[in-house]
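Once you've looked at the hints, dock chain B against the given chain A.
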Amino acid sequence: MIALLFYIGAAVCLFVLMFALARPQRAPVEGIAHQFVEARSSLQTLQQGLLPADLLNRIFDRRDLDYIDGQAAPEIRQLFLSQRKAISLMWVRRVRSEILSLMHFHRSHSRFHTNISLLTEMRLALDFAGLLFVCRILETIFSLRGPYAAPRLVQSVASAASRLCTASEKSLAFLNVPGVSAFRGDSPPGNAAV
Amino acid sequence: MYKWYPIFYLYMLCVFVVSVVLYIGTSGNPHFYVQWYWPTQLVTLVIGYGVIVDVLQKSLHAYPGADRAARNVGFAIFLVVFLWIAALHAWGPHWPLSRFVTRLERDLRLVETLFLATTIVAVRYYRIELGRNLKGLAAGMCLYVGVSLICLALFNFVGHRFDFTWQNLQSGAYTVAMGIWVYALWNYAPDPTVPPDDSSGGYSALADQTRARLEALGRHLGGKEQP
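Those protein sequences? They're chains A and B, same order as listed.
According to numbering that gives the first Met the number 0, the first sequence holds residues 0 to 193 in order.
According to numbering that gives the first Met the number 0, the second sequence holds residues 0 to 226 in order.
Okay, chain A solo, but in the shape it has when bound (with noise of 0.2 Å):
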């Protein structure tokens, strides 16, 4: 019966996979310039804007919310949660974006590599899944419970999703090019330094 039941569901599968593949799907296309400036972009929002040890210390400590509960009335407080849970969901799901826009560059970049390594592939493609699950799940952590719920897995989210983006960093190396390092932000007005 188990075995009937193994080859039943192997065909069933089989038929929801022709329905996906006669379902359009929007291919990127290829080689154009876009996608390695959005892929450059989504890391570096990433990196340096979502990320950073600093950020997420001033959006998730909790220290902030004791001083409330020390000084200010409830409906201060009640303002508070709830003006940070808006901030912490849009923290999640803006990291998530990020890490989707990733993903479709990695996908759409790596078929075109010959010397293509599968044990990678399925690597980065679990942790994918695995961030983008996490990422589903702490939102609805955020959403029911608040942004102090949950303080480990944002730490996790955050150091996997940066693992990701050192891997990401590599395949877009060649976008750092050297001269525009020579556009620095601390030369004095009326006399820019190039």
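What the hints contain is simulated information worked out from the structure, not anything from laboratory work.
Everything numeric in this text was worked out from a predicted model, so none of it was measured.
Backbone N, C-alpha and C define an ideal beta-carbon position, used for all residues, glycine too.
It is possible that part of the hints are untrue.
Taking beta-carbon pairs under 8 Å as the criterion, some of the chain A residues facing chain B (in silico) [stated by the list, open to error]:
1. L3
2. F14
3. A21
4. S109
5. P150
6. L152
Label-pair ranges, simulated between beta-carbon atoms [stated by the list, open to error]:
7. A/I75 x B/R126: 46 to 52 Å
8. B/N167 x A/M0: 22 to 28 Å
9. A/R151 x B/F99: 53 to 59 Å
10. B/G24 x A/M121: 45 to 51 Å
11. A/Q43 x B/V120: 27 to 33 Å
12. B/V100 x A/S40: 58 to 64 Å
13. A/I58 x B/A85: 35 to 41 Å
14. B/R126 x A/A52: 31 to 37 Å
15. A/M121 x B/K2: 35 to 41 Å
16. B/P63 x A/G145: 44 to 50 Å
So these bits of chain B aren't anywhere near chain A, every CB distance computed over 10 Å [as the list claims (entries may be wrong)]:
17. Y8
18. V20
19. F31
20. Y36
21. V52
22. Y62
23. N71
24. I84
25. A85
26. Y125
27. K134
28. F156
29. G158
30. D162
31. Q166
32. G171
Leaving out everything else, chain B in the frame of chain A:
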């Protein structure tokens, strides 16, 4: 269309010839069908494998990375399942010939199923858009292989009571698959996505754009231009 999909047309020809020979042979000798059905079925099954490998190659030929990943996974599955089946048949109980052959065909259909599934997963995962021809070929094969697998699994479980339903189901699936193939292969439809000659084409465009902007900026500032 023959020059684009020769293995598929060989498969169709083989199925047609086998059906005609079995039909003519049975009218002269009632035992002919029973005697020759399973061996000829195995021949068409082997050519069916060729069609699936052809679909895999044609779907992913422009994407060497995806092609390599799908091929490695597909052949690994093929090897594992094939060895497993060989071990089962070598050390398992000894069945009568017809039972043995139906089990063998069922297991080979399972390998076909897994191979087709790997191809579709690779196509979806790497977001590759297929043309109408390949989509139709794969969809028809999926339908026929899937229904055959279910029929063979049920036949092995239920026995000869399932004969009538099996024949109707399998013939029906084949007819529907033929309809899909006729629609999909009515005329040649190339894959919509045309990949670039090399994957760094995008980068060249980006570098050119950046260089042009740097030169414009240099001129605007009136200073030395960037190399």
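Evaluation of the provided hints:
Restraint check, A/L3 versus chain B: the minimum CB separation of about 5 Å is within 8 Å; hint holds. Below 8 Å, beta-carbon pairs count as interface contacts, and A/F14 has one with chain B at about 5 Å; its hint therefore holds. Residue-level restraint check for A/A21 holds (minimum Cβ-Cβ distance to chain B is 6 Å; threshold 8 Å). For A/S109, the interface hint holds, the least distance from its beta-carbon to any beta-carbon of chain B being 5 Å, beneath 8 Å.
Interface hint at A/P150: violated, since its Cβ lies 34 Å from the closest Cβ of chain B, which is beyond the 8 Å cut-off. The criterion of a C-beta within 8 Å of any C-beta in chain B is not met by A/L152, whose closest approach is roughly 27 Å, and the hint is violated. Separated by about 48 Å at the C-beta atoms, A/I75 and B/R126 satisfy the suggested range of 46 to 52 Å. Checked against the given bound of 22 to 28 Å, the beta carbons of B/N167 and A/M0, roughly 24 Å apart, stay inside it.
Between A/R151 and B/F99 the Cβ separation comes to about 57 Å, which falls inside the hinted range of 53 to 59 Å. A C-beta distance of roughly 49 Å is found between B/G24 and A/M121, which places it inside the suggested range of 45 to 51 Å. At about 32 Å, the beta-carbon gap between A/Q43 and B/V120 stays in the expected band of 27 to 33 Å. For B/V100 and A/S40, the hinted distance range of 58 to 64 Å is satisfied, since their beta carbons lie about 59 Å from each other.
Taking the beta carbon of each, A/I58 and B/A85 are about 58 Å apart, not inside 35 to 41 Å as hinted. Taking the beta carbon of each, B/R126 and A/A52 are about 34 Å apart, inside 31 to 37 Å as hinted. As the Cβ distance of A/M121 to B/K2 is approximately 37 Å, the hint placing it in 35 to 41 Å holds. Distance hint check: the CB atoms of B/P63 and A/G145 are about 49 Å apart, consistent with the given range 44 to 50 Å.
For B/Y8, the condition that its CB be more than 10 Å from all CB atoms of chain A holds, with the nearest at approximately 22 Å. The beta carbon of B/V20 sits about 29 Å from the closest Cβ of chain A, which is more than 10 Å, so the claim that it is off the interface holds. Chain A leaves B/F31 outside its interface by the beta-carbon criterion, the shortest separation being 30 Å against a cut-off of 10 Å. For B/Y36, the shortest C-beta to C-beta distance to chain A comes to about 21 Å, beyond the 10 Å cut-off, and the non-interface label holds.
Listed as a non-interface residue, B/V52 keeps its Cβ farther than 10 Å from every Cβ of chain A; the least gap is roughly 16 Å. Distance check on B/Y62: its Cβ comes as close as 4 Å (rounded) to a Cβ of chain A, failing to clear the 10 Å threshold; non-interface status is violated. Non-interface call for B/N71 relative to chain A: violated, since the shortest CB-CB distance, roughly 5 Å, does not exceed 10 Å. Chain A leaves B/I84 outside its interface by the beta-carbon criterion, the shortest separation being 12 Å against a cut-off of 10 Å.
Distance check for B/A85 against chain A: the nearest CB is about 17 Å away, which clears 10 Å, and the non-interface claim stands. At the 10 Å boundary, the C-beta of B/Y125 falls inside the reach of chain A, the nearest C-beta of that chain being 4 Å off. Non-interface status of B/K134 relative to chain A is broken: a Cβ of that chain comes within 10 Å, the nearest being about 6 Å off. At roughly 5 Å from the closest C-beta of chain A, the C-beta of B/F156 falls inside 10 Å, breaking its exclusion from the interface.
Residue-level check passed: B/G158 sits 12 Å from the nearest beta carbon of chain A, beyond 10 Å. No beta-carbon of chain A is positioned within 10 Å of the beta-carbon of B/D162; the least distance is around 17 Å. A cut-off of 10 Å between C-beta atoms confirms that B/Q166 is not in contact with chain A; the least separation is 18 Å. Every C-beta of chain A lies more than 10 Å from that of B/G171, the closest at about 15 Å, which supports listing it as non-interface.
Consistency note: the structure conflicts with the earlier hints numbered 5, 6, 13, 22, 23, 26, 27, 28.
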